[in-house]
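Number of protein chains: 2
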Amino acid sequence: MEQRVSLVTLGVADLARARRFYEGLGWQVGMAVDDEVVFFQLNGLILSLYPRAALARDAGVLDAGGFAGITLAHNVRSEPEVDAVLSEAARAGGRVVKPASRAAWGGYSGYFADPDGHLWEVARNPGFPIDAQGNTRLG
Amino acid sequence: MEQRVSLVTLGVADLARARRFYEGLGWQVGMAVDDEVVFFQLNGLILSLYPRAALARDAGVLDAGGFAGITLAHNVRSEPEVDAVLSEAARAGGRVVKPASRAAWGGYSGYFADPDGHLWEVARNPGFPIDAQGNTRLG
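Residue numbers (my numbering), protein chains in the order written: chain A, 4 to 142; chain B, 4 to 142.
Do not take every clue at face value.
Reference excerpt, derived from the structure (chain A facing chain B, CB under 7 Å, subset only) [said to hold, decoys possible]:
no., residue
1, Gln6
2, Val8
3, Ala16
4, Ala21
5, Ala67
6, Ala71
7, Ile73
8, Ser90
To give a feel for the contact side, a few chain B residues facing chain A, derived at Cβ under 10 Å [as the list claims (entries may be wrong)]:
no., residue
9, Gln6
10, Ala35
11, Phe43
12, Asn46
13, Tyr111
14, Thr139
15, Gly142
Here are the simulated lysine to aspartate or glutamate pairs, DMTMM-like style, with alpha carbons at most 25 Å apart [claimed, not checked]:
no., chain 1, residue 1, chain 2, residue 2
16, B, Lys101, A, Glu26
17, B, Lys101, B, Asp86
18, B, Lys101, B, Glu82
19, A, Lys101, A, Asp66
20, B, Lys101, B, Glu39
21, A, Lys101, B, Asp86
Bear in mind the hints are in silico, worked out from the structure with no lab data behind them.
These numbers come from a predicted model, not from an experiment.
C-beta: ideal position from N, C-alpha, C; glycine also.
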């Protein structure tokens with residue numbers, strides 16, 4: 004697994020309120036799907052705001068006390084690499100909480116938890132190119 | 004507040020176990036202080052592993068159900084900028100959970116929470132330079 008992060012996703016109770024807050028910091032939205040998700044391009048990675056309940060569902064976990072409401076994502080360049088990174092995480096002592104599957108947004112993704120339960124999505128997203136330095140950009 | 008993130012800090016129950024896991028993914032530690040903190044240089048930002056109880060303490064919050072166990076950090080280039088960003092976050096609808104103060108590690112830092120309680124540290128850390136592109140590097 005390359006030593007990089009592609010997205011940080013913050014689970015939010017009210018997407019419009021969260022968006023207003025970050026825009027109030029002077030941030031500019033890079034891409035948004037109404038009522039679904041808001042993306043901000045940061046330095047080589049993306050911050051996304053996503054409804055918290057949907058985020059837990061996407062990760063295949065219950066939001067019943069143990070869910071942090073934040074996930075990290077590690078995007079890769081091919082679908083086989085998604086499976087390979089999930090296997091690598093399992094071998095290293097992590098737990099695959101959601102095996103990779105086709106995503107509604109057109110990519111391929113799964114999740115692992117590190118030994119403390121921190122959730123990493125591993126994804127191939129053809130819409131978010133990864134450059135030679137490993138930085139991820141909104142397409 | 005510039006549109007970037009400097010660190011992602013994962014609160015961990017067992018620092019040695021967490022370090023072994025990430026090293027097991029093939030990651031190389033960039034800097035570590037025994038039994039205190041482990042830093043990995045990522046693409047323009049730093050991932051740190053830090054004992055969860057100490058992380059809650061550092062942020063000035065209780066780890067009693069509402070603490071995600073993850074914080075983001077936004078490092079800036081001067082101490083006045085720390086205060087300015089915290090004020091800006093408060094004006095935008097965030098909550099300053101810890102006003103800026105001198106840190107044991109030699110810098111100056113405070114924390115705000117976004118409307119969903121996600122914690123951002125705002126810090127001036129003279130040991131972690133910020134380049135012209137806004138990327139943060141282990142010194």
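Each hint tested on the structure:
{"no.": "1", "hint": "Gln6", "verdict": "5 Å, holds"}
{"no.": "2", "hint": "Val8", "verdict": "5 Å, holds"}
{"no.": "3", "hint": "Ala16", "verdict": "6 Å, holds"}
{"no.": "4", "hint": "Ala21", "verdict": "6 Å, holds"}
{"no.": "5", "hint": "Ala67", "verdict": "11 Å, violated"}
{"no.": "6", "hint": "Ala71", "verdict": "4 Å, holds"}
{"no.": "7", "hint": "Ile73", "verdict": "5 Å, holds"}
{"no.": "8", "hint": "Ser90", "verdict": "11 Å, violated"}
{"no.": "9", "hint": "Gln6", "verdict": "5 Å, holds"}
{"no.": "10", "hint": "Ala35", "verdict": "15 Å, violated"}
{"no.": "11", "hint": "Phe43", "verdict": "6 Å, holds"}
{"no.": "12", "hint": "Asn46", "verdict": "4 Å, holds"}
{"no.": "13", "hint": "Tyr111", "verdict": "20 Å, violated"}
{"no.": "14", "hint": "Thr139", "verdict": "8 Å, holds"}
{"no.": "15", "hint": "Gly142", "verdict": "18 Å, violated"}
{"no.": "16", "hint": "B:Lys101 / A:Glu26", "verdict": "22 Å, holds"}
{"no.": "17", "hint": "B:Lys101 / B:Asp86", "verdict": "11 Å, holds"}
{"no.": "18", "hint": "B:Lys101 / B:Glu82", "verdict": "15 Å, holds"}
{"no.": "19", "hint": "A:Lys101 / A:Asp66", "verdict": "15 Å, holds"}
{"no.": "20", "hint": "B:Lys101 / B:Glu39", "verdict": "21 Å, holds"}
{"no.": "21", "hint": "A:Lys101 / B:Asp86", "verdict": "41 Å, violated"}
This entry does not satisfy hints 5, 8, 10, 13, 15 and 21, going by the numbered hints stated previously.
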